[in-house]
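Undergrad: Using the hints, position chains B and C against chain A.
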Amino acid sequence: MTDPVLHLDDIVKTFPGVRALDGVSFSVMPGEVHALMGENGAGKSTLMKVLGGIYQPDGGSIHVGKEQVTMSGPLEAKAKGIVFIHQELSLAEELSVAENIYLGELPRKSFGRVDWRKLSDQTNTILQKLNVGFDATTRVGDLSIANQQMVEIARALTVDAKAVIFDEPTASLTDAEKVVLFDVISDLQKEGVGIIYISHRMEEIFKITDRISILRDGQYQGTVNTAETNEEAVTQMMIGRKLDLSRNETHHELGDVALEVRGLSCGKLYQDISFEVRRGEVVGFYGLVGAGRTEIAETLFGLRDPSAGQILLDGEEVRITSPNDAIARGISLVPEDRKGQGLVLGMNCRDNMTLPQVQDLTSGPFVAEGAEVAIFDQYRDRLDIRTPGWKQLVGNLSGGNQQKIVIGKWLSMHPNVLIVDEPTRGIDVGSKSEIHKLLRELAAQGYAVMVISSEMPEVLHVADRIVAMYSGRIMRTFTSDEVTEDSLIQAISGLGGHEAA
Amino acid sequence: MKPGTLSKALKSGAIWGFIVLELIFFSIAGEYLSLSDKAFMDWENMLLLLKQSAPIGIIAMGMTIVMINGNIDLSVGATYAIAAIVLLESMTWPIFAGLGDMVIPVAWLLALLVGTCLGALNGLIVWKTGVDAFIVTLGSMLGFRGIVFMFNGENPTSHLNWTLVDFAEAEFLSLATASWFLLAVTLVIWFVMAKTVHGRNAYAIGDNREAAVNAGIRVGPHMMVNFAIIGFLAALSAVVFYSESGSVNPNDGQLYELWVITAVVLGGTKITGGAGSVIGTFGGVIAIQLLRKGLGHIGADTSTVNLVIGLILIVVLILDRQLNVKGKEELKV
Amino acid sequence: MATLTKQQIGTVLAKQGILIAFAVFMVAFTLANSKFISVDNLFSVVRSSAILGVMALGVTFVVISGNLDLSVGSMMSFSTIVVLDLHDQIGPALAIPAMFAMTLSLGAFIGFLVGYLRLNSLIVTLGMLSAIHGLTLTYSGGQNMDIADKEGTWFSVFGQGSALGIPVPILIFVALAALLGVVLAKTPFGRKVYAVGGNGTAATFSGIRRARTVFACYIISAFCVATAGLIQASRSLGSQNTVGQGLELEVLAAVILGGASLLGGSGTIFKTVIGVLILGFIQNGLLLIGLQFYVQFVVTWVIIILAVWLDIAAKRGKLLSSIA
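Protein chains in written order, with the working numbering: chain A, 1 to 501; chain B, 1 to 333; chain C, 1 to 324.
The set of hints was computed from the structure by calculation and includes no laboratory data. Fair warning: this is a prediction, and the values are worked out from it, not measured in the lab. Yeah, the Cβ is synthetic: ideal placement off N, Cα and C, and Gly gets one too. A few of these clues could be false.
Stated by the list, open to error - To spell it out: a stretch of chain B is covered by chain C in this simulated footprint if at least three of its residues, at any positions, have a beta carbon under 8 Å from a beta carbon of chain C; those stretches are:
(1) 121-131
(2) 134-143
(3) 262-276
(4) 307-313
Just chain A, with the same shape it has in the complex (with noise of 0.2 Å):
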């Protein structure tokens, strides 16, 4: 049997009152790709951090090849052959393509200067491994964020590594892109490089990944071989429980049409959109990053001015110019970045909370606090939010709890449509699944919704109706009866006919 390329043993890290690791351990075999999964929370990213010494771990040891090592930082990672290609894109817009993939370790010449020509060698040579349509030179920020991610996954490529880590790689990616990764990562595995893969993503996971570890509440789980296990299996390992992912079946009776649409455009960001929304009705949105649903969602919160088309509310055509306009006329957005553009971190539950309506809960020329305290107790037992009390900063709170607090604004301001944009998006499994049933719930009561979402499975389990766009256009509606895997797919991808159900 071979030696592992890396192999973390019995790591402990806390923090003041939280064992964030607790015993982990797990090894990466020469040309093995093994997925590490878990919720959020569950402790995957601190055992990155220690991996990479941004960390120092409390206890156990970490061990590249034979050598027992202890990590000073990212860079000494990198010298040792740990590469990491981050979730989030770590790139310097204003640098080129070279400058950024060579960050931290650009070529010298005497006095300090940078070797511009090996540089740009290097870097191409780099670049037509990965087969893609810029050079060396190019800006980075005159790149699309799928090229960019690129860039950053150019860089693992860079020294001889050993083990190279990825961290959510493919969250922007569209398929061909996820093509070209693909390749990538199957490339290094011939080289013998051994792949950590975090990810999310189910479908990606049994793809391509040879062992699958988990980790939950910061304990190792297991591992697992992937050929030897199903979805179904893994997700009670993260959760510690079985988890509904059935399709939805529930139908409820749906009343009039809350919101129409007709002919809606805005300039080149989405052409020719036609829908209409039923109280009581889920529809979900689905297509790739990208598509014009965002932008839709926006101009339908007045966020964006349409160049063409007709909104109309309960039949009435009306022009929306804001986002206190969208609220007055009972339009709810929760929006798809839940800490850029939901919350105000900093401030506490009860605020963030009340913020859409706090201009019309006086009394007298205050703000009523006791009637904000109810409302936020309200929502709190409805939704099941778990946090120690109102007072509690938002940023303090768990993703899920989060987007819980973004939901309860948006529902305590009783919209007569809800539009959800990405709701699970980096929520762990549990509480996607209480949103997902919230979703359902929220419909039973009378209201419409618009899921816009990326995943397949959410759309699948939460709609009624799918609406399927591609690069700007709605290429096809579907009833939850007609919808398959195979031609929603087919829908986003552009390659299915323009047909309006």
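TA: Positioned in the frame of chain A, the structure of chains B and C alone reads:
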């Protein structure tokens, strides 16, 4: 042509276009308004302009590095005053009495050393405490100024050394000493920022600090070096200027930070860091000096200069914003 | 009994650090000079801090909304010069509202640029610092401004008068602090200021009109500046063009000392008042123990950096930053 190329070309060339505009305007307006018979675009006048740009210009080169690096230094005016006092005071110290004119290089070195140390001190505080550079240098702007007053109270510090004055007033190839210093500093800093690893890392840190940290760049020491450089340049600016004038008031250098930042921003450096150019800053320095001189030429007083420079800074910001608007599709936040 | 962990001590220090520092400071100076704590001296400190303090109240709003205002110093010079000039031309009763109108329109201009055009507030107010200074010089023709009849005007009441034995500048400062404190802490507008400063995008996504909120903050700031200019003019009845020069930084120092973050979203009026008083007492205390006025600059420097440092250190749970 790729989209955005035009606006980028406009932006990088804007400062030079602005300088040309100023020249044309003041030449024509000068014909009608000027009290003197001399043309504005007189060769002598332009050489003088370059010389007068030196004090602000030399500091502005340091500010360019610090701002590209994602920081700011509000204490340069006070550092400038301290260095000036050290320069003039030290020449009178008894221990150097036997040196004769050799006291000059010693005094220069002392002044430069003090400036460098003060800059490094700012950098060290920014690095070790993690307090924002704006606050740190706002504090040291007050603190350094307090130190200035400690030397001589509210009295000016004077010492004229004629050898030194001769050197400062010397001209070589019809350029004054101060102009040579400005040109040399510009060249060196341009070389550092465009050609060296240190310079490229400065851009990377200003652009995306976390990425730089992740890539193993030692951000703290790097920033400290840059603060030391701007401290050195503030002192160099004082050395160049006070070698000639020989007398420093405790309030000298006040508001220099504002002039310097104005020049750097006019030159196209991004206030949030990560982008900017030394050559652009040079243009910004020249543009400001042209404006001061030009307005003087057509008979406006200092009040108008202040007004015009303030408004131009704002207009530049508005134009910059307009060039970057993506049109009606843009998200309204 | 529960023992305090290091972490808890850190948190207490972070939350109450400025008050603790204030208390230590007061005790030390009282020990050094018994006059320090006397009523007369307290009054004199508050009175001399009133102008700075009034300006700091307005800047607190601007800073919490996530912006800066470096133009308050030159704007204060402008108000002072204008009201003194108009005093002799149209009489104090008309001069005061006219000066307020002019100052507020300057504030509105800045508010428009930063709020509606979304320009960088540091650069805008830097530009306005210079522009307003130029405006003041143009207005006054570079001359000092003096009221002709210094004895016979009731205008001196704002700076020199007293009611119930308390000097009017103190009354104005306290009243304005109370009013603005309530506005910031208790009204919907105050809540919006925090939201806009904490996360402007999220505030917009919650239907808050960000531009309007920022605009209002600059109007409040200009109102405070006008009030400070009024006190200054009334106190001296004559003034130089540069009376407010450099005050913008002292004001900012007081606000930061009070614990407001330059990133926006945090700070309170009460804390700013403490910051102002600390600056005032440092100045006063150092003078009382016989040190020159400029020593206060150095002490202020050290105190600002220590205050902000401890605040940050407590939040990250470590004294030194982790930057490599």
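Undergrad: Does each hint fit the structure? Answer for all of them.
TA: To see whether the hints hold, each was checked on the structure:
Here's how the segment 121-131 of chain B fares: 6 of its residues keep a CB closer than 8 Å to some CB of chain C, so the rule of at least three is met and the hint holds. Only residues whose beta carbon comes within less than 8 Å of a beta carbon in chain C count, and the segment 134-143 of chain B has 9; three or more means the coverage holds. Counting residues of the segment 262-276 of chain B whose C-beta lies closer than 8 Å to any C-beta of chain C gives 3; at least three are required, and the coverage claim holds. Three residues within the 8 Å Cβ limit are the bar, and the segment 307-313 of chain B against chain C gives 7, so the coverage statement holds.
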